[in-house]
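2 protein chains.
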Amino acid sequence: NMTSIEELKLRVRELENELIKCKQKRCTAIPRIDKMSAEVVDSNPYSRLMALKRMGIVEDYEKIRTFTVAVVGVGGVGSVTAEMLTRCGIGKLILFDYDKVELANMNRLFFQPHQAGLSKVEAAEHTLRNINPDVQFETHNYNITTMEHFAHFMDRISYGALQEGKAVDLILSCVDNFEARMAINAACNELGQTWMESGVSENAVSGHIQLIIPGETACFACAPPLVVAANIDEKTLKREGVCAASLPTTMGVVAGILVQNVLKYLLKFGTVSHYLGYNAMQDFFPTMAMKANPTCDDRYCRKQQDDYKVTDQGGPFLLFLSLSLYFTHHDLGCIELVSEQTEEELHAASGPVPDLPEGITVAYTIPEKETGVSGGETVEETEQSLEELMAQMRKM
Amino acid sequence: NMTSIEELKLRVRELENELIKCKQKRCTAIPRIDKMSAEVVDSNPYSRLMALKRMGIVEDYEKIRTFTVAVVGVGGVGSVTAEMLTRCGIGKLILFDYDKVELANMNRLFFQPHQAGLSKVEAAEHTLRNINPDVQFETHNYNITTMEHFAHFMDRISYGALQEGKAVDLILSCVDNFEARMAINAACNELGQTWMESGVSENAVSGHIQLIIPGETACFACAPPLVVAANIDEKTLKREGVCAASLPTTMGVVAGILVQNVLKYLLKFGTVSHYLGYNAMQDFFPTMAMKANPTCDDRYCRKQQDDYKVTDQGGPFLLFLSLSLYFTHHDLGCIELVSEQTEEELHAASGPVPDLPEGITVAYTIPEKETGVSGGETVEETEQSLEELMAQMRKM
Chain P
1 NMTSIEELKL RVRELENELI KCKQKRCTAI PRIDKMSAEV VDSNPYSRLM ALKRMGIVED
61 YEKIRTFTVA VVGVGGVGSV TAEMLTRCGI GKLILFDYDK VELANMNRLF FQPHQAGLSK
121 VEAAEHTLRN INPDVQFETH NYNITTMEHF AHFMDRISYG ALQEGKAVDL ILSCVDNFEA
181 RMAINAACNE LGQTWMESGV SENAVSGHIQ LIIPGETACF ACAPPLVVAA NIDEKTLKRE
241 GVCAASLPTT MGVVAGILVQ NVLKYLLKFG TVSHYLGYNA MQDFFPTMAM KANPTCDDRY
301 CRKQQDDYKV TDQGGPFLLF LSLSLYFTHH DLGCIELVSE QTEEELHAAS GPVPDLPEGI
361 TVAYTIPEKE TGVSGGETVE ETEQSLEELM AQMRKM
Chain A
1 NMTSIEELKL RVRELENELI KCKQKRCTAI PRIDKMSAEV VDSNPYSRLM ALKRMGIVED
61 YEKIRTFTVA VVGVGGVGSV TAEMLTRCGI GKLILFDYDK VELANMNRLF FQPHQAGLSK
121 VEAAEHTLRN INPDVQFETH NYNITTMEHF AHFMDRISYG ALQEGKAVDL ILSCVDNFEA
181 RMAINAACNE LGQTWMESGV SENAVSGHIQ LIIPGETACF ACAPPLVVAA NIDEKTLKRE
241 GVCAASLPTT MGVVAGILVQ NVLKYLLKFG TVSHYLGYNA MQDFFPTMAM KANPTCDDRY
301 CRKQQDDYKV TDQGGPFLLF LSLSLYFTHH DLGCIELVSE QTEEELHAAS GPVPDLPEGI
361 TVAYTIPEKE TGVSGGETVE ETEQSLEELM AQMRKM
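Which chain is which? The protein sequence lines are P and A, in order.
Mapped onto the UniProt record's numbering, the consecutive letters of the first sequence carry residue numbers 1 to 396.
Mapped onto the UniProt record's numbering, the consecutive letters of the second sequence carry residue numbers 1 to 396.
By construction, these hints were calculated from the structure, which means they are not laboratory data.
A few of these clues could be false.
Identical copies look the same in the list; a pair holds intra-copy or inter-copy alike.
[Claimed, not checked] DSS-like cross-link-like pairs, simulated, lysine-lysine; straight-line CA separation at most 27 angstroms:
1. LYS309 / LYS166
2. LYS9 / LYS63
3. LYS309 / LYS9
4. LYS9 / LYS166
5. LYS21 / LYS9
6. LYS9 / LYS100
7. LYS100 / LYS35
8. LYS35 / LYS53
9. LYS53 / LYS268
10. LYS268 / LYS309
None of the values given here were measured: they were computed from a predicted structure.
From just these sequences and the hints, can you work out the full model?
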């Protein structure tokens with residue numbers, strides 16, 4: 001029986017070694033780094049970021065480690081957004097999502113097939129911690145739009161920063177439905193919290209990002225969103241046998257321009273865009289500034305505007321409208337139908353309504369009390385060429 | 001001793017189970033799929049791509065499985081490019097790179113710390129196979145610019161397609177140096193092979209993509225590149241203690257617009273851009289068409305032009321020049337100094353020369369025999385505003 005014992009001992013040693021190797025392959029922990037170094041060696045994960053200082057782009061790159069960013073929605077855009085911020089060495093990330101990873105998500109970056117079935121926030125945290133152990137993570141596996149969770153969401157964005165008891169520096173909306181955007185909008189208007197919106201159209205070929213500084217720039221309720229997902233969530237889409245298209249390219253571009261805007265905003269370099277659209281069919285990227293709407297439905301938005309004392313509202317707000325018509329015309333998008341608007345007004349405002357899959361409605365709303373743009377005029381505007389629109393932009 | 005044997009047996013069983021779990025976590029193989037389905041179920045990785053057909057964007061999405069794309073350079077842009085194509089279900093990918101994964105690459109997407117030390121093509125293939133087992137992979141761990149490997153590179157792009165003995169459908173240049181771009185350019189001009197160029201500036205805040213159809217559009221030798229990496233490779237940079245900056249955002253955006261252009265080109269939808277630039281500081285994305293230069297130094301380019309019978313060269317070529325000056329002025333970029341140009345000509349051509357880190361030289365070359373743009377004129381052009389440049393674009 002001695003042989004048997006020796007054999008078994010040998011087998012145990014073999015298995016132990018194999019297990020160690022397997023675990024190492026899966027996630028070789030890299031050491032935490034106390035202080036970002038600009039040293040140019042292969043083993044320094046921050047050398048190429050610290051080089052931004054020497055190149056004259058960013059004055060104080062290390063400051064990135066002091067910031068806390070909340071990402072709401074860890075799907076096609078949110079997961080890549082979180083990965084980019086993690087690789088840039090952000091101080092803390094707070095992730096919110098209530099969905100699970102599915103194989104149907106594999107046509108977008110970030111999640112891998114072996115993560116199917118895990119909650120998105122759990123799977124994301126595991127991957128991101130392995131990529132950069134210097135980042136702090138806090139995850140919440142719930143839907144922020146329910147009453148109970150909304151209160152907790154408000155609490156975490158108000159007090160969840162790295163600096164105990166402080167509010168986060170920025171909230172990024174990477175959600176796929178109207179309700180979640182409105183929830184973030186309501187929270188941020190009440191708290192005076194700056195955030196950035198992002199979105200990708202249901203046909204996968206356009207998207208946008210938007211900076212919202214309560215009281216200063218247009219909030220999500222101030223004006224009709226330019227490119228908006230249908231106001232039905234993914235589960236509804238599936239139930240009805242309808243499925244939105246998505247592409248890793250469009251979502252990667254939107255995440256890229258979103259996080260670029262975050263870096264520019266936090267580290268103070270370049271021009272922070274108030275609105276940047278992406279039309280993939282024509283490689284058209286409109287940018288513009290949008291001021292808050294004094295007749296906004298959100299009373300906290302109007303209160304923030306009073307505090308900010310907005311003046312001269314007309315110009316940018318009109319500009320915003322003409323470009324949104326361009327989008328509704330070209331996107332075949334799925335835009336939320338606002339109830340106080342009739343079908344006729346809708347047609348007049350947004351030009352030809354495209355054929356849409358069942359369960360998705362088109363909508364467009366001109367903010368009430370808006371003057372200077374008549375219904376008839378706007379129909380024609382949707383027929384304008386890109387050049388004419390851009391020429392118009394400059395005139396404003 | 002029986003206890004000991006029982007204990008050992010128990011330990012072996014425990015370890016075996018743990019090992020199985022570890023291996024499963026690392027790479028749960030998903031089954032291959034013979035035929036892309038549009039069925040909307042959580043387990044279908046292609047449902048969101050096939051939805052592009054129902055949305056009216058792509059006519060025949062399944063055709064993606066018949067295409068072979070070669071990616072040269074699997075770094076910050078190339079790895080994300082390969083991942084996007086893999087997730088889109090491309091038929092076959094041929095990857096070329098001779099570099100190893102390092103922790104210093106962790107500020108860009110795709111590679112993970114546990115892959116440090118592996119060759120980039122090996123690490124990439126492993127990750128990509130796990131993501132989508134339906135894609136065929138072929139990897140080459142060598143430098144295409146050496147004589148021997150260049151011949152092999154020519155062979156693989158000529159005969160490496162899914163369809164035995166056929167040329168690849170497209171080559172994507174995701175390299176970081178001038179020599180490799182010139183090697184791809186030479187090969188493609190000789191073979192009449194369509195390819196796309198991509199690049200990110202050394203200061204990490206601008207990039208571009210370019211479609212090159214030999215004889216039809218400007219090749220890499222036809223005109224000075226708009227945004228170019230320094231003509232010193234990464235190893236030289238490191239040796240001199242100089243290190244280029246990079247950002248996951250800029251590289252993600254460039255990979256996204258590159259693969260979007262690939263999808264539009266292969267699946268025939270939208271407008272395929274000949275040139276699309278990205279200036280992250282100002283969120284400026286110039287697009288334009290560029291025709292081949294009849295006086296190009298590459299004789300194969302001139303031969304392809306004869307075959308294509310190019311007419312009316314002037315307009316787009318001038319446009320190209322005025323925008324390249326915009327870039328050289330704003331980029332603080334690292335552009336290759338062409339020997340036949342004097343320092344004075346350089347200053348005259350590219351406006352104020354920015355302070356650059358040691359070891360990186362600025363260069364700009366106006367193609368010989370170019371008429372209609374005098375040196376003095378171009379200096380002033382670099383001082384123009386974006387609006388003026390775009391107005392000028394439309395006049396051409």
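Run the structure past the numbered hints and jot down the numbers of the failing ones, going up. Going through the list in order, the structure violates hints 2, 3, 4, 6 and respects the others.
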